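2 protein chains.
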Amino acid sequence: MRFVVIGGDAAGMSAASKAKRNNPDLEVIVLEQSEDVSYSACGMPYNIADPDREMNDLVVRTAAVFRGKQGIDLRTGHKVDRIDRQNKTVSGTDAHSNRFQIAYDKLLIATGSRPKMLPIPGIDLPGVKVLRSLEDGRRIKSYIDSHNVRSAVIIGGGYIGLEMVEALCERGMHVQLVEIRDSFLPWLPKAMDDLIRTELETHEVKVKLETSVTRIESHHDRLKIFYSDSETVVDLVVLAVGVVPNSELAADAGLVLGPGFSIAVDRYLRTSDPDIYAVGDCADAFHQVTGQRVWIPLALRANRGGWAVADNITGRASDIPDIVGTAVFKVLDLEVARTGLSFEEALNAGFDPVENIIQSSSRAHAHPGATTIHVHLVADKKTGRLLGASMIGKEGAAHRINALAVALHASMTVREFFGCDLAYAPPFSPVWDPMLTAANQLLKKL
Amino acid sequence: MRFVVIGGDAAGMSAASKAKRNNPDLEVIVLEQSEDVSYSACGMPYNIADPDREMNDLVVRTAAVFRGKQGIDLRTGHKVDRIDRQNKTVSGTDAHSNRFQIAYDKLLIATGSRPKMLPIPGIDLPGVKVLRSLEDGRRIKSYIDSHNVRSAVIIGGGYIGLEMVEALCERGMHVQLVEIRDSFLPWLPKAMDDLIRTELETHEVKVKLETSVTRIESHHDRLKIFYSDSETVVDLVVLAVGVVPNSELAADAGLVLGPGFSIAVDRYLRTSDPDIYAVGDCADAFHQVTGQRVWIPLALRANRGGWAVADNITGRASDIPDIVGTAVFKVLDLEVARTGLSFEEALNAGFDPVENIIQSSSRAHAHPGATTIHVHLVADKKTGRLLGASMIGKEGAAHRINALAVALHASMTVREFFGCDLAYAPPFSPVWDPMLTAANQLLKKL
Numbered sequence: 000m001r002f003v004v005i006g007g008d009a010a011g012m013s014a015a016s017k018a019k020r021n022n023p024d025l026e027v028i029v030l031e032q033s034e035d036v037s038y039s040a041c042g043m044p045y046n047i048a049d050p051d052r053e054m055n056d057l058v059v060r061t062a063a064v065f066r067g068k069q070g071i072d073l074r075t076g077h078k079v080d081r082i083d084r085q086n087k088t089v090s091g092t093d094a095h096s097n098r099f100q101i102a103y104d105k106l107l108i109a110t111g112s113r114p115k116m117l118p119i120p121g122i123d124l125p126g127v128k129v130l131r132s133l134e135d136g137r138r139i140k141s142y143i144d145s146h147n148v149r150s151a152v153i154i155g156g157g158y159i160g161l162e163m164v165e166a167l168c169e170r171g172m173h174v175q176l177v178e179i180r181d182s183f184l185p186w187l188p189k190a191m192d193d194l195i196r197t198e199l200e201t202h203e204v205k206v207k208l209e210t211s212v213t214r215i216e217s218h219h220d221r222l223k224i225f226y227s228d229s230e231t232v233v234d235l236v237v238l239a240v241g242v243v244p245n246s247e248l249a250a251d252a253g254l255v256l257g258p259g260f261s262i263a264v265d266r267y268l269r270t271s272d273p274d275i276y277a278v279g280d281c282a283d284a285f286h287q288v289t290g291q292r293v294w295i296p297l298a299l300r301a302n303r304g305g306w307a308v309a310d311n312i313t314g315r316a317s318d319i320p321d322i323v324g325t326a327v328f329k330v331l332d333l334e335v336a337r338t339g340l341s342f343e344e345a346l347n348a349g350f351d352p353v354e355n356i357i358q359s360s361s362r363a364h365a366h367p368g369a370t371t372i373h374v375h376l377v378a379d380k381k382t383g384r385l386l387g388a389s390m391i392g393k394e395g396a397a398h399r400i401n402a403l404a405v406a407l408h409a410s411m412t413v414r415e416f417f418g419c420d421l422a423y424a425p426p427f428s429p430v431w432d433p434m435l436t437a438a439n440q441l442l443k444k445l
Numbered sequence: 000m001r002f003v004v005i006g007g008d009a010a011g012m013s014a015a016s017k018a019k020r021n022n023p024d025l026e027v028i029v030l031e032q033s034e035d036v037s038y039s040a041c042g043m044p045y046n047i048a049d050p051d052r053e054m055n056d057l058v059v060r061t062a063a064v065f066r067g068k069q070g071i072d073l074r075t076g077h078k079v080d081r082i083d084r085q086n087k088t089v090s091g092t093d094a095h096s097n098r099f100q101i102a103y104d105k106l107l108i109a110t111g112s113r114p115k116m117l118p119i120p121g122i123d124l125p126g127v128k129v130l131r132s133l134e135d136g137r138r139i140k141s142y143i144d145s146h147n148v149r150s151a152v153i154i155g156g157g158y159i160g161l162e163m164v165e166a167l168c169e170r171g172m173h174v175q176l177v178e179i180r181d182s183f184l185p186w187l188p189k190a191m192d193d194l195i196r197t198e199l200e201t202h203e204v205k206v207k208l209e210t211s212v213t214r215i216e217s218h219h220d221r222l223k224i225f226y227s228d229s230e231t232v233v234d235l236v237v238l239a240v241g242v243v244p245n246s247e248l249a250a251d252a253g254l255v256l257g258p259g260f261s262i263a264v265d266r267y268l269r270t271s272d273p274d275i276y277a278v279g280d281c282a283d284a285f286h287q288v289t290g291q292r293v294w295i296p297l298a299l300r301a302n303r304g305g306w307a308v309a310d311n312i313t314g315r316a317s318d319i320p321d322i323v324g325t326a327v328f329k330v331l332d333l334e335v336a337r338t339g340l341s342f343e344e345a346l347n348a349g350f351d352p353v354e355n356i357i358q359s360s361s362r363a364h365a366h367p368g369a370t371t372i373h374v375h376l377v378a379d380k381k382t383g384r385l386l387g388a389s390m391i392g393k394e395g396a397a398h399r400i401n402a403l404a405v406a407l408h409a410s411m412t413v414r415e416f417f418g419c420d421l422a423y424a425p426p427f428s429p430v431w432d433p434m435l436t437a438a439n440q441l442l443k444k445l
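Protein chains in written order, with numbering that gives the first Met the number 0: chain A, 0 to 445; chain B, 0 to 445.
So here's chain A without its partners, still in its complex pose (with noise of 0.2 Å):
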């Protein structure tokens, strides 16, 4: 039997590993566009934040591995362009602009997601980047090593934004962060979401938000940015807009899609065709709380999912177990985490919400070092059912956020969840955890 992978990233590597692993008679094809295979996507803002280091140091595996030990036909620079599912074959196009077509019996598209463009002038001008296949990566370091970049404009405030924001203010350069909403982040409420703000101007980054780009235009060598209000002149620009997914081949193959043009997959990752399933960026998930489709393109499940259609395809019937959307970033010296759904999000998906914020201390009141930790949860008013939570601070957020999407995954009540023996001892937490204290107070609302 020969399963073909497209895409040769985290979710189609480890489908293309573990399906080998699983069975070695298996014939694993994977045609991947880039020279680039299972590398540490989400490393790359702190890659380009150290001169020192190489791009290549985020490869976790080297093609060659997965060629030689592992016996994948892993083909780099193979760009697919049809799906043909009557005759189940991929066609498209090698490195060397030869066309070939390669027969499948069982397929994964795993084509992850690509960086949304703006459609405004100077977007296309080699001073402006993104920031998503490792190649982009190589590109922006040596853009700032050759043009000796000393300032940049960041468009866009969400995690890879202000990740990256964080990155070149390690290196030292004048940021500007310009956003057409209100906000960072829509999930965050805005009390916490002004803290970010706070943060990066503390810093010296100079933040605008309600601010759009209308134009890009080269400046000497330099780059001239035309917002809304006024304009400003850098050396480097990232695009930085959020990601769409790359579900063309699989919509031009007639497979259904889901939300935000994501691939529409069941718990086995399986698309509307049987023989072909989806995973990781491109693909859609169902969310533990509302039991409805989403589309949450995060790695860990590009990695869960990798492996549960290797166990499928391979005869070990493997269902997924369904998201909460727990997510976190650094940026700069604040931990900002989240699971589940937003107020907004839980009102939309048909609850009857409640929320509130605490603030509390990430140590016990007393101890050195203590800092101020905001928590955010939602749950609903009919069941008392937890819903979801946020957290910013300046440490103990990014782990404290996995003790509630646990509790999302058990369904928890608040009650329940305030119920819980949680870790105490003052260089860690009070007495009462943060999240203990926020659980408390929202149940007086309940």
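Source of the hints: derived by calculation from the structure; they are not laboratory data. Given the structure is predicted, the values throughout are model-derived calculations rather than measurements. Treat the hints loosely; a few may be bogus.
Since the list gives no way to pick one copy over another, a pair counts as held whenever it fits inside one copy or between any two copies.
[To be verified] List of simulated lysine to any residue pairs, SDA-like, C-alpha gap at most 25 Å:
hint, residue 1, residue 2
1, 380, 138
2, 115, 221
3, 393, 368
4, 87, 117
5, 68, 439
6, 78, 211
7, 380, 21
8, 140, 331
Here the structure of chain A is known, so what remains is to put chain B in place on it, guided by the hints.
Just chain B, lined up with the frame of chain A:
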């Protein structure tokens, strides 16, 4: 109605305060034998570590606040020595050696625990200290100053002993730790326990395991310690060989006792006398994983229990959730955490336990600052249920344990826990959080 509370520490004062908040007309009398109420006992080692801090910084609320604004009849210097259940009175001696007798409608025993003593000659010398009450803390601190203490022996390698090692190292002392067993924490697998020894020795602490202290002698204003195999002279000895519940009052009154001579209580914190409650370090609890009675004296339970008693005596029947025994402490640069059952505890409780230990990285593998984290999981072979966990590492163990604690409260199987959507970002975790890696490895044994 009159509510009498014996003991004015965490459990007693939370009960007294909340009872008064619930019902301002309630007469609330607290009888505390010392002069200190409501302080952070767990903060004492950290306070001792810092010569510039006052021990009184650990006081959360003063007696004056309880007496004034809160309207509690708080009587310090009042030592209760008898409970007369027939006549519903308590009696004892006040600070002026006068006898008192007080009638109660509802009584709470919140007498806490006291350090175990060693029956060896010299244990009562002035330089031999225990750490339990705030007064103990003051004594240690003033002894360090008045005797220019430069060296110390800690007897006992549990939480408090290890925290005191850290505190005295911070003060620049030469510290020896002596422990009669061959390990520090009986619930920690030996391979992980050994990391504590290495950590201590890296910080030049002299560790003597499987060693007993046979006597202590005064030696020119210093102390001579006789070990089973050698002797040493130091300035200070801290005895930290465990605690015992102060349950004698309850026992003398004929109340039923639980494990470890703690006072047996039901899920409403009632003792075997329906008008007498017990809570805090003197009382037992039900363990969520085994359903059995256990005595695990920890601060969160004391606070939670105090609130529940207040609700119960003011007509808001409130049962209290079972515990999972989550605990964490820091020793030098190590975080050590546990929740649920150890392998041996699981065996003793009638499970068919399997366990494993994995090593992973506290951050993404390529991320600067990543350190090794060790995760130990215990599960039941018959049901696949997660039974317990322990963790040790330089970062991320203290907060990670809470995710596993919540999983235990939810009676999750290892497979269900493995399915949880935990947070990932390179500064905080590998894509597969070490807890998920541990769960995945343990699944192979189930």
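When no copy is specified for residue 115 and residue 221, does a C-alpha distance of 25 Å or less occur within a copy, between copies, both, or neither? Only inside one copy: residue 115 and residue 221 sit 23 Å apart there, 73 Å across copies, limit 25 Å.
With identical chains, the pair residue 380 and residue 138 could be close in the same copy or across copies; at 25 Å between alpha carbons, which is it: within, between, both, or neither? Neither: 50 Å inside a copy, 51 Å across copies.
Pop the pair residue 78 and residue 211 into one bin, within, between, both or neither, using alpha-carbon distances up to 25 Å. neither (34 Å within a copy, 71 Å between copies)
Is it within a copy, between copies, both, or neither that the alpha carbon of residue 380 lies no farther than 25 Å from that of residue 21? Close across copies (24 Å), not inside one copy (46 Å); limit 25 Å.
Up to 25 Å CA-CA - residue 439 versus residue 68, copy category: For residue 68 and residue 439, only the inter-copy Cα distance (23 Å) is at most 25 Å; the intra-copy one is 54 Å.
For the identical chains here, do residue 140 and residue 331 meet the 25 Å Cα criterion within one copy, between copies, both, or neither? within (20 Å within a copy, 39 Å between copies)
At most 25 Å between CA atoms: does that hold for residue 87 and residue 117 within a copy, between copies, both, or neither? Neither way: residue 87 and residue 117 sit 36 Å apart in one copy and 79 Å across, limit 25 Å.
Could you place residue 393 and residue 368 in one of the four classes (within, between, both, neither) given a Cα distance threshold of 25 Å? both (10 Å within a copy, 17 Å between copies)
In terms of the numbered hints stated before, the structure departs from hints 1, 4 and 6, listed from lowest to highest.
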